[in-house]
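Engineer: Chains A and B supply the protein sequences, listed in that same order. Per the working numbering, residue 24 is the first one in the first sequence, and the count goes up by one each step. Per the working numbering, residue 2 is the first one in the second sequence, and the count goes up by one each step.
Keep in mind the hints are simulated off the structure, nothing from the lab. Glycine included, every Cβ here is placed at the ideal spot set by N, Cα and C. Worth double-checking, as some hints may not be accurate.
To list a few chain A residues with every Cβ distance to chain B over 12 Å, as calculated [as the list claims (entries may be wrong)]:
| no. | residue |
| --- | --- |
| 1 | Cys-29 |
| 2 | Pro-30 |
| 3 | His-47 |
| 4 | Glu-49 |
| 5 | Ala-52 |
| 6 | Gln-53 |
| 7 | Ser-58 |
| 8 | Arg-87 |
| 9 | Gln-88 |
| 10 | Trp-89 |
| 11 | Thr-96 |
| 12 | Val-97 |
| 13 | Ala-104 |
| 14 | Gly-108 |
| 15 | Gln-110 |
| 16 | Pro-111 |
Here are the in silico distance ranges between beta carbons for each label pair [to be verified]:
| no. | chain 1 | residue 1 | chain 2 | residue 2 | range |
| --- | --- | --- | --- | --- | --- |
| 17 | B | Arg-165 | A | Arg-50 | 38 to 44 Å |
| 18 | B | Met-2 | A | Glu-39 | 56 to 62 Å |
| 19 | B | Asp-26 | A | Leu-48 | 44 to 50 Å |
| 20 | A | Ala-52 | B | Lys-98 | 45 to 51 Å |
| 21 | B | Arg-329 | A | Glu-39 | 26 to 32 Å |
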Amino acid sequence: MLRIPCPYCGTRDQDEFKFGGESHLERPAQPEQASDAEWARYLFYRKNPKGIHHERWLHSFGCRQWFNLARDTVTHEIVEAYPMGSQPSSRPAPGEGDSND
Amino acid sequence: MRYSGFSLLRHALTGHRRWPRAWRDAEPRKSYDVVVIGGGGHGLATAYYLATRQGIRNVAVLEKGYLGGGNSGRNTQVTRSNYFYPESGAFYEHSLKLFENLSQDLDFNVMFSPRGILAICNSRHEMETYRRWANAIRMNGIDSEILSREDIRRRVPHINLDCRFPIWGGFVQSRGGVSRHDAVNWAYARKASAAGVDIVQNCEVTGFETSDSRVQTVLTSRGNIAAGKVALCVAGHSSQLADMAGLRLPITSVALQAMVTEPVRPIFNTVLMSAHIHVYVSQSDRGEIVVGGGIDPFNSYAQRGTLNTARDNYSALLELLPIFSRLRLMRQWAGVCDMAYDVSPIVGKTPLENLYISTGWGTGGYKAIPAGGDTLAATIANDQPHPLIQPFQLDRFETGRLVDEGAASGVAH
Numbered sequence: 024m025l026r027i028p029c030p031y032c033g034t035r036d037q038d039e040f041k042f043g044g045e046s047h048l049e050r051p052a053q054p055e056q057a058s059d060a061e062w063a064r065y066l067f068y069r070k071n072p073k074g075i076h077h078e079r080w081l082h083s084f085g086c087r088q089w090f091n092l093a094r095d096t097v098t099h100e101i102v103e104a105y106p107m108g109s110q111p112s113s114r115p116a117p118g119e120g121d122s123n124d
Numbered sequence: 002m003r004y005s006g007f008s009l010l011r012h013a014l015t016g017h018r019r020w021p022r023a024w025r026d027a028e029p030r031k032s033y034d035v036v037v038i039g040g041g042g043h044g045l046a047t048a049y050y051l052a053t054r055q056g057i058r059n060v061a062v063l064e065k066g067y068l069g070g071g072n073s074g075r076n077t078q079v080t081r082s083n084y085f086y087p088e089s090g091a092f093y094e095h096s097l098k099l100f101e102n103l104s105q106d107l108d109f110n111v112m113f114s115p116r117g118i119l120a121i122c123n124s125r126h127e128m129e130t131y132r133r134w135a136n137a138i139r140m141n142g143i144d145s146e147i148l149s150r151e152d153i154r155r156r157v158p159h160i161n162l163d164c165r166f167p168i169w170g171g172f173v174q175s176r177g178g179v180s181r182h183d184a185v186n187w188a189y190a191r192k193a194s195a196a197g198v199d200i201v202q203n204c205e206v207t208g209f210e211t212s213d214s215r216v217q218t219v220l221t222s223r224g225n226i227a228a229g230k231v232a233l234c235v236a237g238h239s240s241q242l243a244d245m246a247g248l249r250l251p252i253t254s255v256a257l258q259a260m261v262t263e264p265v266r267p268i269f270n271t272v273l274m275s276a277h278i279h280v281y282v283s284q285s286d287r288g289e290i291v292v293g294g295g296i297d298p299f300n301s302y303a304q305r306g307t308l309n310t311a312r313d314n315y316s317a318l319l320e321l322l323p324i325f326s327r328l329r330l331m332r333q334w335a336g337v338c339d340m341a342y343d344v345s346p347i348v349g350k351t352p353l354e355n356l357y358i359s360t361g362w363g364t365g366g367y368k369a370i371p372a373g374g375d376t377l378a379a380t381i382a383n384d385q386p387h388p389l390i391q392p393f394q395l396d397r398f399e400t401g402r403l404v405d406e407g408a409a410s411g412v413a414h
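Let the hints inform the model, and build the full structure from the sequences given.
Structural biologist: Right, dumping it as structure tokens:
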């Protein structure tokens, strides 16, 4: 059971939350001009790191707000929680530094 | 040497102290025609079929840890081909048919037991879906039979038919069942090694030297190895190995838990799967009740899962089979499943000319070991995807031609 620090409610049990996948994915700005490869990258391709992962969580059974976590996918240690629309202060793991394009 | 009644007797006479190694503990050489990275079922089967069906013997299998220590040794042994789509049916049926003769082919008892895969459902709507699924399986030329509530009670006398969501019925694939996962790994390793494949354990790949769109050298903890062709069969580390080659994959890695109870006398002689009451269960030949359920729904490489998912799995088991409530849980663990978006595998070529990949097996890779190895070996030898895995190429994520087996996987994802 992960103990997740919701930025609005404080630390709660994982059971209260829904996982929302990798953070900071950017939808192609010009959808009509995006190639199949660009769409595939946005829809399906993921960093999937063994280390710090920046990911989205929804506090479904609490405040119902979305937020971001920086969490280690090996130890499950949560390094940081930060609001939707902002960037993490923690350093990304190797291989995670590049943007999603 | 061949395993037989005579060899058993002969070795009994010397106190069983002189059995030869099942496979050579090979030192890695400086170069190979094919380097298979990953010493689990898929890697070992690929090497075996390269050597015995494709005539390519100058092959190494590199395993970071101990042979079969990854997902191949962590699954719940379910062996079936009751998938929905024709593409999936054809592939997994090829695998099931190989399983049916595997012990004879590999001279190793893999304990394949076709005790039936019983998929039960818990509502009228689910029953309609299951009829559609069962009929699709028959359209694929594979066996399935619709079962009534009463049929299920006869097959599983201890089942709680009037559980929280009462059982409506289900269907069975009688030719499906279980097999012994360790035995499958060891059987392929033994025959591959005998055919000339070098199996190198405790050998971790740390990088690749690439040029001209090809992998030239595999860098490992036991030296650099030049390679004509390279295959990635590293469930649970596909993204990491692909990253070393400069590739990203449409893969998310999550934990799938499994557990066994203390051994008891034979009480459960089939494989039961329920999507709605989220659990699948069988009894091993040692008597343990083997239980699996849903994934832990977030990225994880921890190979343990979290207790709340474990709790959900136990609860589901006891809801359906309250007779097991006093059994003590003996062991719990998890594998790391590489999930593709459509929950179908990715097997074949990559953007690098001589790099091949077998991934995306998700929670269902064990049953695919024979067909996965056979088709990947053919693909490597011919540099063309084998027909059975043509629908499962990496480029389907660009063309949109996904094979959405999420609903047919047996349990919801």
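Engineer: Now look at each hint and say whether the structure bears it out.
Structural biologist: Against the structure, the hints:
{"no.": "1", "hint": "Cys-29", "result": "holds, 15 Å"}
{"no.": "2", "hint": "Pro-30", "result": "holds, 18 Å"}
{"no.": "3", "hint": "His-47", "result": "holds, 14 Å"}
{"no.": "4", "hint": "Glu-49", "result": "holds, 15 Å"}
{"no.": "5", "hint": "Ala-52", "result": "holds, 19 Å"}
{"no.": "6", "hint": "Gln-53", "result": "holds, 18 Å"}
{"no.": "7", "hint": "Ser-58", "result": "violated, 8 Å"}
{"no.": "8", "hint": "Arg-87", "result": "holds, 18 Å"}
{"no.": "9", "hint": "Gln-88", "result": "holds, 18 Å"}
{"no.": "10", "hint": "Trp-89", "result": "holds, 15 Å"}
{"no.": "11", "hint": "Thr-96", "result": "violated, 5 Å"}
{"no.": "12", "hint": "Val-97", "result": "violated, 5 Å"}
{"no.": "13", "hint": "Ala-104", "result": "holds, 14 Å"}
{"no.": "14", "hint": "Gly-108", "result": "holds, 21 Å"}
{"no.": "15", "hint": "Gln-110", "result": "holds, 19 Å"}
{"no.": "16", "hint": "Pro-111", "result": "holds, 16 Å"}
{"no.": "17", "hint": "B:Arg-165 <-> A:Arg-50: 38 to 44 Å", "result": "holds, 40 Å"}
{"no.": "18", "hint": "B:Met-2 <-> A:Glu-39: 56 to 62 Å", "result": "holds, 59 Å"}
{"no.": "19", "hint": "B:Asp-26 <-> A:Leu-48: 44 to 50 Å", "result": "holds, 45 Å"}
{"no.": "20", "hint": "A:Ala-52 <-> B:Lys-98: 45 to 51 Å", "result": "holds, 50 Å"}
{"no.": "21", "hint": "B:Arg-329 <-> A:Glu-39: 26 to 32 Å", "result": "holds, 30 Å"}
The structure does not agree with the numbered hints 7, 11 and 12 stated previously, though it agrees with the rest.
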